[in-house]
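Given next are the chains, with one letter for each unit.
Number of protein chains: 2
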Amino acid sequence: MADKVREIFDESGQAIEFREGLEGVVAALSMISSIDGEKGILLYRGIPIEELAAHSTFEETTYFLLNSRLPKQQELRDFEQQLKSHRQVPAAVLDLIRSFPANANAMDLLRTTVSGLGLYDPDSQTNTVEKNIERAINLIASFPTIVAAIQRRRSGKEFVAPQQDLSHAANFLYMVNGEAPSEYAAKVLDVALILHADHGFNASTFTARVVISSLSDMYSAISAAVGSLKGPLHGGANSEVMSTLQEIGSLDKVEEYVMNRLATKQKVMGFGHRVYHTYDPRARILSQFSQKLAQQTGNTKWYEMSRKIEEIMRREVGSKGIYPNVDFYSATVYYYMGLDQDLFTPIFAVSRISGWTAHVIEQLQNNRLFRPRAIYPGPKNVPYVPINDR
Amino acid sequence: MADKVREIFDESGQAIEFREGLEGVVAALSMISSIDGEKGILLYRGIPIEELAAHSTFEETTYFLLNSRLPKQQELRDFEQQLKSHRQVPAAVLDLIRSFPANANAMDLLRTTVSGLGLYDPDSQTNTVEKNIERAINLIASFPTIVAAIQRRRSGKEFVAPQQDLSHAANFLYMVNGEAPSEYAAKVLDVALILHADHGFNASTFTARVVISSLSDMYSAISAAVGSLKGPLHGGANSEVMSTLQEIGSLDKVEEYVMNRLATKQKVMGFGHRVYHTYDPRARILSQFSQKLAQQTGNTKWYEMSRKIEEIMRREVGSKGIYPNVDFYSATVYYYMGLDQDLFTPIFAVSRISGWTAHVIEQLQNNRLFRPRAIYPGPKNVPYVPINDR
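Those sequence lines, one after another, are chains E and X.
Using our numbering, you'd call the opening residue of the first sequence number 1 and step up by one each time.
Using our numbering, you'd call the opening residue of the second sequence number 1 and step up by one each time.
A hint or two may mislead.
Because identical chains share one entry, a pair is satisfied inside a single copy or across any pair of copies.
[Claimed, not checked] Mimicking DSS-like on lysine-lysine, the simulated pairs with C-alpha atoms at most 25 Å apart in a straight line are:
{"id": "1", "residue 1": "4", "residue 2": "265"}
{"id": "2", "residue 1": "301", "residue 2": "39"}
{"id": "3", "residue 1": "39", "residue 2": "380"}
{"id": "4", "residue 1": "131", "residue 2": "267"}
{"id": "5", "residue 1": "380", "residue 2": "72"}
{"id": "6", "residue 1": "292", "residue 2": "4"}
{"id": "7", "residue 1": "39", "residue 2": "267"}
{"id": "8", "residue 1": "301", "residue 2": "72"}
{"id": "9", "residue 1": "308", "residue 2": "84"}
{"id": "10", "residue 1": "253", "residue 2": "292"}
{"id": "11", "residue 1": "157", "residue 2": "301"}
{"id": "12", "residue 1": "267", "residue 2": "380"}
{"id": "13", "residue 1": "84", "residue 2": "292"}
{"id": "14", "residue 1": "308", "residue 2": "267"}
The set of hints was computed from the structure by calculation and includes no laboratory data.
Just need the whole structure built from these sequences, with the hints factored in.
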């Protein structure tokens, strides 16, 4: 599994092994999700992701991630109501978004706004489970409102207030576009949100756990996670996939592009994953939505290009375990839904906030400060040479 | 070294060991600092911390951390000039601080302001070494201005603009207090800044490296590090030490307090460290400053209480390797300097920003995404029970 093991001599001259990027290193136990990277299985608290995608909603899945069990009918209704009642964010936070430069990066705006949200929590220094569950619900409910406001701010449009009679996913699309989405669009986004809600110790979730492990606070952990998710080696990849498709431009140029990337040992965006060495189960579900949306919109080009890239990659590097990951088909799904490319990674955050908050709460229940070791392979006891003698 | 090793069965039923909090686990190589926790030795790029504390300045040490070698005279003058020329922060960022609630936590304000700073960097998405060194210098130069502005905002005072003819440490005290400090106060702070500038993969530095490892950006990494530093198991400890001294109240109550904490197996703030199992070399230097400041101010009580706590702890748990850490004496040093307790942890950040930025740049030069493994010890393939049947 961990093929990047390096051997090094430590400070006392002892040979020790270490794994770059902590690949395969167990950082902690977690009851939230589990991944079998060889078989391509993802479970949320034991339930296969396919089951949840087929039968659950984002609201129910979020309840499940936070509370470790599926809600009964009344519990789910109450939870949905709680989320709805927290969709409004403080006016000061909307003013904050209005005060930011309109051309700033959407993830930078989200990171700063989430950090700013902490300034308006009168109990922000209290880390009880109850307070953090309240905060989690508030953050999960607020993220769509904040992301939609950022998107509208960036395109010079007035903010759209949340609507109480729409689902979490439908209301997000409503606040982004200013009109309620079709039932199908809301359904597709709902499933996409379920699929992205948690994924073990991915870099942003691990970030959140590292930050909270000093007994800091939820806002510190979540704003840090947003900053981590932004990177192209993590959540930023879905936007990069779309850029790649646009750069290639047409179906007949796919073969040349992919073969050239492979020959020059460059990454093909949306392929390969630290944990999966087979097909990412989330990509399988998203590819079906991409296909249906392609047919519905009559614009099959982007889906066909994606399939072609997948075929070539399977032929060329499938034996090496390099397969499409979640970002590969989410890109065209969001594109077909008419969502701006700059929204792709923020939408990832709108979903992953459920997992992040569940992990923060879990970490606090059995906390130990994350404080690994660095090996210094340089000279020691170097003298301080006075400035005149340098 | 790693006494918290746990054994667990992984997903495939194999017994594996893991270390809680990644204690003793090598996360990467680093040429920036090295710690010998058994002997109590801290080196910055090979030079013992005592040498730097005795002969260097924060500006020179920062140059050294960023550039891997001590500067020549002209290089140091140029670097000092560069830092001075970046002391001003954008007016929009000062307005941002003014717009925040005055009663917010100082570290929450710092985290949000640093995140906001990224919105005003027109190249914030460019991760070249040159750009990141520029950004590092700008952040290091801006931190005192931002922290001082936050402090004055919280106490309802007008901001004080930076002064060009003062050193980094002296100018910070000037901006906080509205008057230039004594030469001795500036010297003490300068040494404290040197001592806190780097310390291997402490939680906030590790946070910064995890965040940048997705190829995110400097502001994401640094705002995340601020959020991590805030926690009482990390930088927040220096403020907690002062709270402890005030809670005890007088020298004659020290014995009872400490013995009671030990008997009830509670932490004594400022004691013990993940890496040091002997006297923290930084605490040794700071204790001398605390003693001198106690004499100078004629208010020896807090220093004497600290010594007494140290004596009792040495007698009771010294054999277990529990000794004063850097936070234990920095608390009284800052207190004797008349600094507000809420400034203690932000001052840590004013120093550690040098190490954080050096680590971000180092991480990018040999990057691998930090993505460890979680072990899920729960049931698998749990069925999704329809809501009516729950």
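Against the structure, the hints:
1. 4 to 265: within (17 Å within a copy, 41 Å between copies)
2. 301 to 39: neither (31 Å within a copy, 65 Å between copies)
3. 39 to 380: between (47 Å within a copy, 14 Å between copies)
4. 131 to 267: Between copies only: 24 Å across, 43 Å inside.
5. 380 to 72: between (63 Å within a copy, 21 Å between copies)
6. 292 to 4: neither (39 Å within a copy, 51 Å between copies)
7. 39 to 267: within (23 Å within a copy, 45 Å between copies)
8. 301 to 72: For residue 301 and residue 72, the Cα distance exceeds 25 Å both inside one copy (43 Å) and across copies (60 Å).
9. 308 to 84: neither (42 Å within a copy, 55 Å between copies)
10. 253 to 292: Answer is within: at 23 Å inside a copy they meet the 25 Å cutoff, but 74 Å across does not.
11. 157 to 301: Classified as neither: same-chain Cα gap 30 Å, cross-chain 61 Å, threshold 25 Å.
12. 267 to 380: Neither way: residue 267 and residue 380 sit 39 Å apart in one copy and 34 Å across, limit 25 Å.
13. 84 to 292: neither (30 Å within a copy, 59 Å between copies)
14. 308 to 267: within (16 Å within a copy, 60 Å between copies)
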